[in-house]
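S.K.: Chain by chain, the residues:
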Amino acid sequence: MRDFAVLGLFDSADALMAAIPKVKEKQLGRLETYTPYPIHGMDEALELRRSPLGGMVLGMGILGALTALGFQYWISAVDYPIVTGGKAPGSWEAFVPIMFEIMVAFATFTAGLGMLLLLNKLPFFGHPILTAKAMLGITRDRFALAIEADPELDTEAAKAALNAVGALDIEVLTRPEQGPFLSADFILRTTSGIFIACLVAGLAMYGAVKLMPVLSPVSHMLNQPRVNAQQASSFFADGRAMRMPVQGTVARGYLPFGVASPEAAAALVNPLPRTPEVLAMGRQAFTVRCAVCHGPAANGVGSLGSAYGAKPANLQAPQFLAYPDGKILWAIVNGKNAMPSQAADLTEEQRWAVVHYVRALQRAQNAKDEDIP
Amino acid sequence: MKAETSTMNAEFPDILREIPLLEGSVTSGSLDDQVLGVTDRKPPRRWFVAMAFTSTLMLLGFGFIGYTIYTGIGVWGNNSPVFWAFDIINFVFWVGIGHAGTLISAILFIFRMRWRNAIARFAEAMTIFAVMCAGIFPLIHVGRPWLAFWLFPYPNQRAVWPNFRSPLLWDVFAVSTYFAVSAMFWYLGLLPDIASMRDRTANKWRKLIYTVISLGWHGSARHWQHFEKAYLLLAGLATGLVLSVHSVVSFDFATSVVPGWHMTIFPPYFVAGAIFAGFAMVVLVLVVVRESMQLKNLITLRHLEVMNKVILGMSCLMGYSYAMEGFTAWYSQNVYLHHTFLNIIGGHYGWAGWLTISCNIFIPQLLWFKKCRTSYFWMILVAVAVTVGMWFERFVIIVISLHQDYLPSAWRLYHPTLVDFGILLGSFGLFFTLVLLFARVLPVIATSEVKGSLPGSQPRPGGEHA
Amino acid sequence: MRTDSASKTPTVLLGLLILGGLGVAASWFSAGPERFWANWILWFLFYFTLALGALFLVALEHLVAARWSVPIRRLPERIATLLLPVVPVALIALGAVPVLYPGSRPAALQNPLLAGKAVWLGLPFFSLRTVLCLVLSLLALAVFVRGSLRQDASRDPGFNVRARKFAPAFMAIFAFVMTALAFDWISGLTPEWYSDIFGVYLFAGGFLAGLAATTLTLIHVQGQGRLRDVTGHHRYNLGGFLFGFTVFWSYIGFAQYMLMWYGNLPDEVLWYRDRLEHGWHGITLALAFVHFLVPFFALVTRDAKGDPRRLRWVAMLMLGAHALDLYWLVFPVLGKGVLFSWPELSFAVFFLAGGLLWIRKALTWGEDMPVGDAFLRQGLEFRL
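Protein chains in written order, with my numbering: chain A, 16 to 388; chain B, 764 to 1229; chain C, 378 to 761.
Calculated directly from the structure, the hints in this document are not laboratory data.
Here the structure is a predicted model, which is why all the values come from computation and not from measurement.
Yeah, the Cβ is synthetic: ideal placement off N, Cα and C, and Gly gets one too.
Watch out, some of these pointers could steer you wrong.
FRET-style restraints, in silico, Cβ to Cβ [to be verified]:
#1 C:Ala-492 / B:Gly-837: 44 to 54 Å
#2 A:Val-224 / B:Ser-1216: 29 to 39 Å
#3 B:Arg-1175 / A:Val-224: 54 to 64 Å
#4 A:Arg-45 / C:Arg-539: 53 to 63 Å
Among chain A residues calculated to face chain C with C-beta under 10 Å, some are [what the hints assert, rightly or not]:
#5 Gly-69
#6 Leu-73
#7 Asp-94
#8 Pro-96
#9 Gly-100
#10 Gly-101
#11 Lys-102
#12 Ser-106
#13 Ala-109
#14 Val-111
#15 Pro-112
#16 Asn-238
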């Protein structure tokens, strides 16, 4: 067990300051003082190096301001440029307040945490002084001068030196034995404690995330005081929430399909020209309404088909290549086998545009050499 | 000549003498026993009575907040066109209360006003509690507070970013930075005091808690050196921050084009008003604290007198601001500004305008008299008036400007509901509950700072300086 | 060698004064009265705000009973005596009112935005306010500076009591004078424009100029071997004030700009448009640099705040920045772009030489320190 330091206690800052130069000249070890409050002139007396905190804080402050400027500029002008309030996306004026705040935040945390963690190496509970008898006075009204091992310490000489300058009380501090702090038992207990804490926290989070969206008031956006489509409602005499169209009226774009049979429909001629706009409209409608089953290439391989169990028609099959336009339209309007009617979702124009698009897909899949221009 | 001047100091009239930092004989040890000893004893009955009262208020407020969250903010009186009302009034009011703490702990520290040492800790604590109270209001005003984290810019699956050109987002940054910095400042100051408590307590559990939160502080010269540097830097940063925070709050109003809001004087005027209101609250609380906790020798009447002088000075600054607002309303020859100003002094809410002006400008003028600055009755009267007046000032700014702006067909009156009042009272309950808890659990006076400024605590200037 | 150059200085200054005066006179005839008056107003405001700023520093000491600044108080007191030569300059400046201030012209009655305040902006009321400003400032000068100079001999602590009691009243006077100057003399150039922070903006710049002049004088005087007992600790405080008020000026200036930019109302942004177009954009940027960025980074570290060499050039820069600020406030109304030629140079030479001559003279008035002030010793003992 080696000695760490010899501690001499004084009852006033004056006595402490008077003792320092006398002890210093004996060069017995590293000098340190422990006091209840900061003493003016202590830095010079102990010849401490200047605290580097100021430079650290200045640097981090500038970094914070630049980070905030860059972050705001990138978000507002590059990644998500939206004009709000008539201000240009990269208007620097609006970035200044947050630049300032982030600068202060960076600088503050550098000053506070930098001082505690980096410079003072706190938290640290293993310093020998903390278990000294003298500690009771040091945080109250006593002033301690310590001669610390550097790296060896002549305990007796140090005691004598402190006696000579009139220390009221002298205490020898021993170096704490290393070991128990990082024992296997400790590590086991700590890790299992952390594990249990994580488990509990994880289960709690899981429960919260599962439950939160369905519990009131979080779920309130789901429970809205209105009636949904197809619901019953006591408000109207007929007990329905939805209204029937007024007698004798037809919604725009939804004229009744006046053709009685697929054979009659075969005679219909596509009224739309084959322009890029029409094909684009057809593609859009096809992608939304048809491609899930018939597949993007209209070959019957859609994402829904396998899951659903049905067998959507392969529109690239020979009988469909020869199908008249009107019969395709008939299928769109009235449905076929398991396929439901699409009439409610596609306007007349869109239906014919889909027919054009299906024809284009068929042509594309069965291209011949002479198609190459 | 030198000998002559030193004797003259005593003969000087009272007006020129330096403020004594404390009364009677105080030593480092007696200071610890007096201040830190409080936490060793059981609280007196009257503390429990006060606690019961304030925590009831607080729970009442929480109840109303729960009701608001469950039902939606339709339970408040806010409606078109007064979309902001009690919630934002209370927010601005509480953020403002906090500013006095930062002023006392940071700005007066930079100016080396050593009298602030005895009251800084309490004022800082009040800052933190006030910002906590303030934070509640925007949080519940968003309607779905569980989604409030959307305010922060983080990469998300919605692929959207917050709008950095919105002053409301600046607020998020300003208030959260303010809270973090205040908490850091407060905790650093507490560190040596908690170490003192750690070393004097005999209770095993308390010793464990104090040991952990004092981080092993042991007051070595090297630690103090970095500590003092950090404290000074933090004070400087907090000084800039305190200016910026209420300026940013004022931007919420001033960047708009609403008449009565779009004023270039708003940023410094809001800061002055915040310090004004905060000092009044600090005076109110300190009067109670020094009486009930036997701290009359540390928080002296001179402390209160100086604080009252600050209140008076701030009141005059507010008077200047009001005068400039009125002058500009006329000087601009702008009918909308003119109309808004007339609403403040004579419209449907004219009573609130005059209440504000009386409480903030006229009543504090009492403090010109030394008798009023040193008498509990008068200083409490003024402090209460200022607190009421500053709350109503925000009422005037928000409700009067909003209820009649450019479009006369949209003019409506505002009627607060019971829930509005309930939450307001609840925030006071929360604030005073936290203050009461703090007064029993942590040292209410920064003992290490006061110790360092006791007479004879520092070594006499040696040969090298003189 | 030093005495040689020192004895030559007044002659050189006098020569510059005469040379500048000739240029000033010539500019009336060749550059026209508008440009002449714009220059005149600039330097009138420069010295008025600078002297008031110095007086404010003195008043601040009395108001909060500060001790550290007692040893250097005589310097701002002497600088504040510039208020005396400002009186004739101000009275002459009233000649600019009919030329440069649209609100005082009969045409203002036809302008619906000005008709309501034509009486306020008219020459009689305008002059009345300026005269009131001068009288109030001279009153404050008499209380603070004459009282302090007399105390050198009398050693009467009653002066401290009087000054302390007068200080709050001075603050009210000061607020009125600064606001009136800002609204009448600067804002009045574009009378449709209004900004209720404008008085504070001018105060921030003026106080900064007063501080800079004090710092510069202190370092100059210390270079001559006077005021030896004033230490780095005192200089550090001055440097700290300079630093703080640089930030304050920027805060006020930016907040005013940002709010107007954000609101984008035509009655406000036109004023800024005038200062961001026709070459003025560069001056605006330069102002941001010399009035904020450069002094901010020059003074941000602890050592810099007390370093005389650093303080000297920063203080000079701040005085220049204040002149540039006023130039930026006044000259855009001429609508002729950025004007800088021999008339401006002559005015600068004339007024700077005159001001320096006055300060040289003022530096001999009274003792270098207020030796009659009982708090001098406490001030000298001041340590950070």
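S.K.: Does Pro-112 of chain A hold up as a contact with chain C if the rule is Cβ-Cβ below 10 Å?
M.R.: 8 Å, holds
S.K.: Would you say the C-beta atoms of Arg-1175 of chain B and Val-224 of chain A sit inside 54 to 64 Å of each other?
M.R.: 42 Å, violated
S.K.: Regarding Val-224 of chain A and Ser-1216 of chain B, is the given constraint of 29 to 39 Å on their beta-carbon distance met?
M.R.: 53 Å Cβ-Cβ, so the 29 to 39 Å window is violated.
S.K.: Close enough to count: is the Cβ of Ala-109 of chain A nearer than 10 Å to one in chain C?
M.R.: It holds, given that the least Cβ distance between Ala-109 of chain A and chain C is near 7 Å, below 10 Å.
S.K.: Leu-73 of chain A was flagged as interface toward chain C. Is the shortest Cβ-Cβ separation under 10 Å?
M.R.: 6 Å, holds
S.K.: How about Ser-106 of chain A: closest beta carbon in chain C under 10 Å, or not?
M.R.: With a minimum Cβ separation of about 8 Å from chain C (threshold 10 Å), the hint on Ser-106 of chain A holds.
S.K.: With 10 Å as the cut and Cβ atoms as the points, is Gly-100 of chain A at the interface with chain C?
M.R.: Holds. Min distance 7 Å.
S.K.: Quick one: are Ala-492 of chain C and Gly-837 of chain B within 44 to 54 Å, going by C-beta?
M.R.: Given a distance of about 47 Å, which is inside 44 to 54 Å, the answer is holds.
S.K.: Does Asn-238 of chain A hold up as a contact with chain C if the rule is Cβ-Cβ below 10 Å?
M.R.: Interface hint status for Asn-238 of chain A: violated (40 Å vs cutoff 10 Å).
S.K.: Holds or violated: the hint that Lys-102 of chain A contacts chain C, with Cβ atoms closer than 10 Å.
M.R.: 8 Å, holds
S.K.: Would you check whether Gly-101 of chain A satisfies its interface hint, that is, whether its CB is within less than 10 Å of any CB in chain C?
M.R.: 6 Å, holds
S.K.: The hint says 53 to 63 Å between Arg-45 of chain A and Arg-539 of chain C; measuring C-beta to C-beta, is that right?
M.R.: 57 Å, holds
Of the numbered hints listed earlier, those contradicted by the structure are 2, 3, 7, 8, 16.
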